[in-house]
Amino acid sequence: MLNFTTKKDYQGNNIDELINAGFEMGSEFCTFKQAVNHYDLPSASLLKGMKSCARLKKIVTKEVVNKLSGKKEKKKVPVFFSVFEKNHIENILMDNGL
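In the numbering used here, the protein residues as written are 1 to 98.
No lab work stands behind these hints: they were computed from the structure.
Any given hint could be a false lead.
[To be verified] Simulated restraints, written as ranges between beta carbons of each label pair: (1) 88 <-> 15: 12 to 22 Å; (2) 97 <-> 68: 22 to 32 Å; (3) 43 <-> 80: 24 to 34 Å; (4) 19 <-> 74: 30 to 40 Å; (5) 59 <-> 39: 21 to 31 Å; (6) 73 <-> 13: 22 to 32 Å; (7) 13 <-> 90: 21 to 31 Å; (8) 39 <-> 74: 30 to 40 Å; (9) 19 <-> 49: 23 to 33 Å; (10) 43 <-> 66: 42 to 52 Å; (11) 2 <-> 36: 17 to 27 Å.
[Stated by the list, open to error] DSS-like mimics (lysine-lysine), calculated; alpha carbons at most 25 Å apart, straight line: (12) 72 <-> 8; (13) 8 <-> 71; (14) 57 <-> 8; (15) 51 <-> 7; (16) 62 <-> 51; (17) 8 <-> 86; (18) 7 <-> 74; (19) 86 <-> 48; (20) 74 <-> 58; (21) 8 <-> 58.
Note that the structure is predicted; figures quoted are calculated from it, not measured.
Note that beta-carbon positions come from the ideal geometry of N, C-alpha and C, so glycine has one too.
Can you build the whole structure from these sequences, using the hints too?
Rendered as structure tokens:
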């Protein structure tokens, strides 16, 4: 399970999410913005009709203000993002004339 634009493997629960969505090990994915940049598209509308295959998450550290003390604290929070399978992206691009 690889992000084909960054060449990084997905880890942890994200692998389980992709397997539960019906994908096999070795499948390749990316986010919408990564697809637009990777394929050097002049317009994101060329990806019209593309459907995400899974919603994954990563944990990031964010600075938040404690409402009681007023002090800044670091807190780990989940950030969700949708991913798209490489073959589906390429089929959509062909269907949309690219």
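Consistency of the hints with the structure:
1. A hinted range of 12 to 22 Å holds for the C-beta pair residue 88 and residue 15, which are about 19 Å apart.
2. Between residue 97 and residue 68 the Cβ separation comes to about 57 Å, which falls outside the hinted range of 22 to 32 Å.
3. For the pair residue 43 and residue 80, the supplied restraint of 24 to 34 Å holds, since their beta-carbon distance comes to about 25 Å.
4. Between residue 19 and residue 74, the C-beta spacing of about 32 Å keeps the proposed range 30 to 40 Å intact.
5. Roughly 29 Å separates the CB atoms of residue 59 and residue 39, a value that falls within the hinted 21 to 31 Å.
6. Between residue 73 and residue 13 the beta carbons are some 25 Å apart, a value that agrees with the proposed interval 22 to 32 Å.
7. In this structure the supplied range 21 to 31 Å holds for residue 13 paired with residue 90, their Cβ-Cβ distance being about 27 Å.
8. Separation of residue 39 from residue 74 is about 36 Å and conforms to the stated range, judged on CB atoms against 30 to 40 Å.
9. Checked against the hint of 23 to 33 Å, the pair residue 19 and residue 49 passes, with Cβ atoms roughly 25 Å apart.
10. Separation of residue 43 from residue 66 is about 44 Å and conforms to the stated range, judged on CB atoms against 42 to 52 Å.
11. The hint said 17 to 27 Å for the Cβ distance between residue 2 and residue 36, and at roughly 19 Å that hint holds.
12. Note on residue 72 and residue 8: the hinted pairing is violated, with a Cα-Cα distance of about 32 Å set against a maximum of 25 Å.
13. Of the pairs offered as hints, the one joining residue 8 and residue 71 is violated, with about 36 Å between alpha carbons and a cut-off of 25 Å exceeded.
14. A distance of roughly 15 Å separates the Cα atoms of residue 57 and residue 8; the hinted pair therefore holds under the 25 Å criterion.
15. Pair hint residue 51 plus residue 7 holds up; C-alpha atoms about 22 Å apart against a cutoff of 25 Å.
16. Between the alpha carbons of residue 62 and residue 51 the distance comes to roughly 29 Å, so the proposed pair goes past 25 Å and is violated.
17. With a C-alpha separation of about 14 Å, the suggested pairing of residue 8 with residue 86 holds against the 25 Å cut-off.
18. Between residue 7 and residue 74, the direct Cα distance comes to roughly 29 Å. Violation of the 25 Å bound is thereby established for this hinted pair.
19. With a CA separation close to 15 Å, the supplied pair residue 86 and residue 48 stays within the 25 Å bound.
20. About 16 Å separates the Cα atoms of residue 74 and residue 58, which keeps this hinted pair within 25 Å; it holds.
21. Straight-line distance between C-alpha atoms of residue 8 and residue 58 comes to about 13 Å, which keeps the hinted pair within the 25 Å bound.
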